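Undergrad: Spelled out from the first residue to the last, the chains are:
Protein chains: 2
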Amino acid sequence: MSLVATGPYLDRLSTRLRIAATSFCLGIDPDPAGLPPGWRADLSGIEAFARLVLESAGRHAAAVKVNLAFFESWGSEGVAMLERLRRDVPVDLPFIADAKRGDISSTSERHAAWLFDRLGADAVTVSPYTGEEGIAPLLDRADRFVYVLCRTSNPGAGELQDLLVVANDADEVQAAEEPAPLYVHVARRVAAWDAGRGTCGLVVGATAPQQVAEVRAAAPGLPFLVPGAGRQGGDLDAVRSLGPTSSGPAAGLPGGGLLVNVSRAIAEAAAGSKDPGASLEEAARLWAARLRV
Amino acid sequence: MSLVATGPYLDRLSTRLRIAATSFCLGIDPDPAGLPPGWRADLSGIEAFARLVLESAGRHAAAVKVNLAFFESWGSEGVAMLERLRRDVPVDLPFIADAKRGDISSTSERHAAWLFDRLGADAVTVSPYTGEEGIAPLLDRADRFVYVLCRTSNPGAGELQDLLVVANDADEVQAAEEPAPLYVHVARRVAAWDAGRGTCGLVVGATAPQQVAEVRAAAPGLPFLVPGAGRQGGDLDAVRSLGPTSSGPAAGLPGGGLLVNVSRAIAEAAAGSKDPGASLEEAARLWAARLRV
Numbered sequence: 000m001s002l003v004a005t006g007p008y009l010d011r012l013s014t015r016l017r018i019a020a021t022s023f024c025l026g027i028d029p030d031p032a033g034l035p036p037g038w039r040a041d042l043s044g045i046e047a048f049a050r051l052v053l054e055s056a057g058r059h060a061a062a063v064k065v066n067l068a069f070f071e072s073w074g075s076e077g078v079a080m081l082e083r084l085r086r087d088v089p090v091d092l093p094f095i096a097d098a099k100r101g102d103i104s105s106t107s108e109r110h111a112a113w114l115f116d117r118l119g120a121d122a123v124t125v126s127p128y129t130g131e132e133g134i135a136p137l138l139d140r141a142d143r144f145v146y147v148l149c150r151t152s153n154p155g156a157g158e159l160q161d162l163l164v165v166a167n168d169a170d171e172v173q174a175a176e177e178p179a180p181l182y183v184h185v186a187r188r189v190a191a192w193d194a195g196r197g198t199c200g201l202v203v204g205a206t207a208p209q210q211v212a213e214v215r216a217a218a219p220g221l222p223f224l225v226p227g228a229g230r231q232g233g234d235l236d237a238v239r240s241l242g243p244t245s246s247g248p249a250a251g252l253p254g255g256g257l258l259v260n261v262s263r264a265i266a267e268a269a270a271g272s273k274d275p276g277a278s279l280e281e282a283a284r285l286w287a288a289r290l291r292v
Numbered sequence: 000m001s002l003v004a005t006g007p008y009l010d011r012l013s014t015r016l017r018i019a020a021t022s023f024c025l026g027i028d029p030d031p032a033g034l035p036p037g038w039r040a041d042l043s044g045i046e047a048f049a050r051l052v053l054e055s056a057g058r059h060a061a062a063v064k065v066n067l068a069f070f071e072s073w074g075s076e077g078v079a080m081l082e083r084l085r086r087d088v089p090v091d092l093p094f095i096a097d098a099k100r101g102d103i104s105s106t107s108e109r110h111a112a113w114l115f116d117r118l119g120a121d122a123v124t125v126s127p128y129t130g131e132e133g134i135a136p137l138l139d140r141a142d143r144f145v146y147v148l149c150r151t152s153n154p155g156a157g158e159l160q161d162l163l164v165v166a167n168d169a170d171e172v173q174a175a176e177e178p179a180p181l182y183v184h185v186a187r188r189v190a191a192w193d194a195g196r197g198t199c200g201l202v203v204g205a206t207a208p209q210q211v212a213e214v215r216a217a218a219p220g221l222p223f224l225v226p227g228a229g230r231q232g233g234d235l236d237a238v239r240s241l242g243p244t245s246s247g248p249a250a251g252l253p254g255g256g257l258l259v260n261v262s263r264a265i266a267e268a269a270a271g272s273k274d275p276g277a278s279l280e281e282a283a284r285l286w287a288a289r290l291r292v
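Quick mapping for you: the protein sequence lines, in order, are chains V and S.
The first sequence: position 226 = 225 (numbering that gives the first Met the number 0), numbered continuously.
The second sequence: position 75 = 74 (numbering that gives the first Met the number 0), numbered continuously.
Just chain V, with the same shape it has in the complex (with noise of 0.2 Å):
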């Protein structure tokens, strides 16, 4: 689709970064309740008020990530908006849908064919529950990429993503390998999925700074998508000191190929603005400067 540009992701997403400068990934999750005073809360506000955003932010950042269920909340009408929205998004600014799909390999498919060919998503989040034969169709994009849920930035994370690890029946090698939490075992996994292909990344959230350390002594080369770091919380300065690659073809991008989301303390420095427009952009400004890398 003419939405999105050729060749790899990883390459796309270099340019960007250089010219941006940052690790500052600009989220758009419309959320009716965060609309600025005076704004309608029905489809055509909520439209109005993620359209400034992204085009009163978006110049800082380095992507642009949608939450897709803020958009589903609205049924149809709101996928409608979304892919409106997605055809004002810049082709040199790479377009990340927030989706968390993962299914069986036909069910995945479809995924691909929403995401990736309709919708255009440059990247898109899975979970990795079904392994990496349930999510081949998505992975195997080699213009497109995968950042893969790793360890998520909400309080109970840890529910199962810190489960030890103690052996992998199927897997001798493995089953010798000291006992490792779930997160890390995934993270290892998913480098093996890459295989150096340069299509996988890992969803790693800001709120869990000594899991992103360790997250990134499983996976030297991944790429990392940040949530959590604006009003969940995060530990920016962990992040950006431990986030970044440390080997593979995104150790050479500006910051590692890092990006750190943040959504809503952007849509928020319009709440009480007589120029939301302007308040956004200040906003974005300031982010990109606190992650310049």
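None of these hints come from the bench; they were simulated from the model.
A quick note: this is a predicted structure, and the numbers were derived from the prediction, not measured.
C-beta: ideal position from N, C-alpha, C; glycine also.
Estimated spans, in silico, between C-beta atoms of each pair:
{"hint": "1", "chain 1": "S", "residue 1": "E54", "chain 2": "V", "residue 2": "A32", "range": "37 to 43 Å"}
{"hint": "2", "chain 1": "V", "residue 1": "D142", "chain 2": "S", "residue 2": "A250", "range": "47 to 53 Å"}
{"hint": "3", "chain 1": "V", "residue 1": "A270", "chain 2": "S", "residue 2": "P219", "range": "47 to 53 Å"}
{"hint": "4", "chain 1": "S", "residue 1": "S246", "chain 2": "V", "residue 2": "A237", "range": "42 to 48 Å"}
{"hint": "5", "chain 1": "V", "residue 1": "V165", "chain 2": "S", "residue 2": "G251", "range": "36 to 42 Å"}
{"hint": "6", "chain 1": "V", "residue 1": "R284", "chain 2": "S", "residue 2": "A141", "range": "44 to 50 Å"}
{"hint": "7", "chain 1": "S", "residue 1": "S240", "chain 2": "V", "residue 2": "D91", "range": "55 to 61 Å"}
{"hint": "8", "chain 1": "S", "residue 1": "R140", "chain 2": "V", "residue 2": "S272", "range": "33 to 39 Å"}
{"hint": "9", "chain 1": "S", "residue 1": "P89", "chain 2": "V", "residue 2": "G251", "range": "54 to 60 Å"}
{"hint": "10", "chain 1": "V", "residue 1": "R86", "chain 2": "S", "residue 2": "V90", "range": "36 to 42 Å"}
{"hint": "11", "chain 1": "V", "residue 1": "G6", "chain 2": "S", "residue 2": "T5", "range": "49 to 55 Å"}
Start from chain V and add chain S according to the hints.
TA: Same frame as chain V, now just chain S:
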């Protein structure tokens, strides 16, 4: 919304199970490559075929499950098609949205707004990866239901799900447990999430009969949604003997609250037929009989 009956999902499922007297769940995954010869492989053809499947086969089913990816792959127009199809599902036929969502809680609230409130799903499927806290907005609805991915039906399901894990926290009771496969641990956790509320079940693939038995032992009272029984080659006898609940409220339901999903094997019945509607109904009737309770 008026689309959805009130009261606990398991009560509605129970009523339907008594009428239909089968564990057969009709899957509607409209695949453009799977249309009968001569049908137009565009959106209108897909919609007409999905409606024909519903109207011909639905009368024999205990529930209907739609795989959202097959609608989303057409973008907003496909989601609008899904919204129209849902309105044609009789209110006494439980409607399961196979969405496999799972995120942090502020996003899960938007999933609930879309799937439960706008689309009118009686039940949804979710991934367990973010833990109970992340998907609480979906679990906390007394009149709806969540089937949590436990052991999926794809060939590579075991890559993560078969890992042997132990607890890695201050919970001494769990720390004393024997290592168990991740899917068994998930089954135990989901039973704890449900805590007798009757809002949680598990997705357990028919392609893994030994795992069905293990999961049932770990969660005696949770209803199962079982994919993979048709074209994926699952072991139907094993599922029927091992799958039904053995304790809890659903143990009193016909078939122990088990739902066995069949999608492609129904749709394909229309392929060479001069009367696709009659062939779909006959296929559904046969599957309902095979899964008689």
